[in-house]
Each structure stands twice: as C-alpha cells, then as structure tokens.
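Enquirer: Sequence:
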Amino acid sequence: MNGKTTTFEWRVDHFDLDQIAESGQAFRWEWRGPENYAIPAGDRFCVAYMPEPDKLAVRCPENWATFWRYYFGLGDAYPEYWAAIDTWARRDGPAAYLSKAAATASGMAILHQPAWETMVSFMISQNNNIPRIKASLAAMCRRFGKQITTPTGEQYYTFPLADTLTDAADLSGLGLGYRDKYISGMAHAVATGILPVRTLEAMDYTRAKAVLKAVPGIGEKVANCILLYGMGHLEAFPVDTWIRRVLDREFSDGFPMERYSGFAGLVQQLIFYYERRK
DNA sequence: GTCCAGGCCCTCA
DNA sequence: TGAGGGCATGGA
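If you're matching positions, the first sequence starts at 7 in our numbering and goes up one per residue.
Simulated from the structure, these hints should not be mistaken for laboratory data.
Certain hints may be false.
[What the hints assert, rightly or not] Simulated restraints on C-beta separations:
#1 D254 with D210: 27 to 33 Å
#2 M209 with K152: 37 to 43 Å
#3 W248 with D60: 43 to 49 Å
#4 E226 with S258: 16 to 22 Å
#5 D176 with I200: 16 to 22 Å
#6 P222 with A144: 20 to 26 Å
#7 R255 with D60: 14 to 20 Å
#8 P85 with K106: 19 to 25 Å
#9 W248 with K152: 16 to 22 Å
#10 V245 with M209: 18 to 24 Å
#11 P85 with E58: 30 to 36 Å
#12 R255 with E86: 44 to 50 Å
#13 A175 with G268: 18 to 24 Å
Just so it is clear, CB atoms sit at the ideal spot from N, CA and C, and this is done for glycine as well.
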C-alpha cells in the first residue's frame with residue numbers, strides 16, 4: 007500500500023547528517039554508523055545515509071520521496087542563506103564568533119518535522135536535558151505508538167496520535183515529571199479540535215506564536231522551537247540557556263538579527279551546535 | 001548534598 | 001514589566 011521500497015539519491019551542499027543529528031532538533035534519530043541513521047517521523051520512517059559528502063541517500067517507500075525531500079529541507083533556499091552567512095563571515099573575519107560557528111556547523115539544516123510530534127517533543131524539552139527528552143519520547147512511542155515492520159524488515163514506532171495522550175495518569179512512567187499534565191492538556195485540545203494543528207500550520211509566524219503561547223506549558227522558547235522545527239518558520243529564533251549564555255557573552259551590544267532576516271533560526275542552530283561542541 | 005538541563009507559571013512589587 | 005521561587009526527574 008505504501009509502494010515498493012526504493013533508495014532515492016539527492017545531490018546536497020552544506021548538508022551533514024551527523025551535524026543535524028547532534029543539533030538538538032530531532033530526538034528520535036537512531037545512529038547506525040557515521041552519516042547513517044534510521045529516522046522515524048510521525049507515522050513514517052526512512053533510513054538516511056551519505057554515500058558521498060555531497061550525496062544524501064534515503065531508503066523508503068517510493069511514494070514517500072516528496073515527504074522526505076521536504077523533511078530534509080532540500081527545496082529550501084539554503085544557497086541564498088549560506089551565501090549571506092559566508093559573506094558576513096568574510097567581512098567579520100575568521101576569528102569572529104559567528105564565523106567560527108558557521109565554519110563548524112557548515113552542514114547544518116533545519117528539518118521540517120511533523121507539527122504534532124514537534125509540539126509534544128519541545129513541550130517535554132522544557133527544563134530538561136536531551137538524553138532524558140529522547141528517553142521519554144522513545145518510551146511514549148513504544149507505549150502509545152503503533153509498531154510497524156517495513157517490507158525490508160525494519161521496525162519502528164509511529165508517533166502517538168493526540169487522542170491517545172489525553173489522560174495524564176496514562177503518562178506516568180515516561181519520565182515526564184510535572185510536564186505530563188501539559189502534554190495531556192494539549193493532547194485533549196488537539197483531539198477535540200479546540201487546537202487545530204492544520205489551521206496553526208497555515209498561520210503566519212506572529213499569529214501562530216500567539217496561539218501556541220496560549221497553550222499551558224508553551225512559552226516563548228518552546229513556541230519558537232515548534233515554529234522553527236515543525237512549522238517551517240525559519241525566522242523563529244529560540245533562546246534557551248545555551249543561546250542565552252552566548253548572547254550575553256559574545257553579543258552584549260546586541261545580536262545582529264537584521265543580517266539574517268528570514269532565516270535567523272538557521273543561525274541560531276549554528277550557534278547551538280557550535281557552542282555545545284566546544 | 002548541590003547543580004543543571006533546548007522553561008514555564010504564578011506571585012508580588 | 002520584571003524579578004524570584006517552585007516545579008519532577010535523573011545524571012554529573
């Protein structure tokens with residue numbers, strides 16, 4: 007029903023699976039080797055790897071090519087973004103903080119993850135650390151997702167639908183702590199249509215952020231993560247404890263946001279990756 | 001034991 | 001509008 011499994015190959019530039027995997031935007035990628043991952047997203051799955059530095063290979067059902075191409079942002083305006091970033095890096099010089107971040111994270115990309123999965127993932131992320139976020143989401147998918155075996159024998163769990171997460175009592179044992187009530191509340195709102203995800207996805211950045219921030223458990227930072235990683239708003243600039251430290255330390259006179267108008271979220275991602283790698 | 005993690009909510013001034 | 005405490009949990 008999903009068609010035959012095929013391996014698609016796409017030519018890529020400024021694209022590195024390992025860097026993306028270590029950038030804290032997706033929590034369910036499973037490492038299989040260098041530049042090689044099993045990747046579930048929503049109810050889908052692929053194996054992605056890089057046979058050459060400028061080639062991305064994706065093994066999935068043949069009618070999912072469009073989904074995964076979009077997921078990896080392959081149709082986005084990265085040539086334009088990187089041209090701007092590189093221009094500023096030359097102007098600033100190699101010792102400038104942003105120049106070093108861009109050089110270190112030169113294969114970074116912002117994924118287009120399913121909106122609902124992103125909403126839950128980043129609600130869990132608040133005041134939490136990445137290993138625990140991953141563990142909670144894995145446990146949640148095992149308990150409430152559907153186990154799928156692909157025609158090639160790969161097994162994965164789908165991301166749970168909203169109507170399976172509406173009872174906070176069911177969520178115990180997932181390591182969610184106080185966040186369980188936030189999750190079940192949001193799941194109830196989505197499942198009953200009070201919070202229509204599709205409508206949210208169609209809104210512009212400002213309006214969508216206002217709606218998201220009205221959800222208990224979603225503040226400025228989590229809203230920006232959802233907008234950036236799950237709703238395609240590359241202008242979103244999430245400020246967490248890591249980014250806060252960099253802004254205070256390196257940009258006490260203000261961050262030059264206007265340079266990166268429309269794709270500041272990508273620059274934020276370069277900083278996050280670079281800072282954590284140091 | 002204390003501190004921290006891709007923060008948010010509530011209270012109080 | 002902003003500062004400060006509380007919040008579940010587990011690893012360092």
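Enquirer: Work down the list of hints and note, for each, if the structure agrees.
Expert: Against the structure, the hints:
1. D254 with D210: 27 to 33 Å: The hinted range 27 to 33 Å holds for D254 and D210, with Cβ atoms some 30 Å apart.
2. M209 with K152: 37 to 43 Å: At 29 Å between Cβs, range violated.
3. W248 with D60: 43 to 49 Å: Given a distance of about 30 Å, which is not inside 43 to 49 Å, the answer is violated.
4. E226 with S258: 16 to 22 Å: holds (21 Å)
5. D176 with I200: 16 to 22 Å: holds (20 Å)
6. P222 with A144: 20 to 26 Å: holds (25 Å)
7. R255 with D60: 14 to 20 Å: Since the Cβ atoms of R255 and D60 sit about 35 Å apart, the hinted range of 14 to 20 Å is violated.
8. P85 with K106: 19 to 25 Å: Holds - the Cβ-Cβ distance for P85 and K106, about 22 Å, lies within 19 to 25 Å.
9. W248 with K152: 16 to 22 Å: Since the Cβ atoms of W248 and K152 sit about 35 Å apart, the hinted range of 16 to 22 Å is violated.
10. V245 with M209: 18 to 24 Å: At 22 Å between Cβs, range holds.
11. P85 with E58: 30 to 36 Å: For E58 against P85, whose Cβ atoms are near 19 Å apart, the range 30 to 36 Å is violated.
12. R255 with E86: 44 to 50 Å: Cβ of R255 to Cβ of E86: about 29 Å, so the range 44 to 50 Å is violated.
13. A175 with G268: 18 to 24 Å: With Cβ atoms ~44 Å apart, the hint is violated.
Violated hints, listed in ascending order, are 2, 3, 7, 9, 11, 12 and 13; each of the other numbered hints is respected by the structure.
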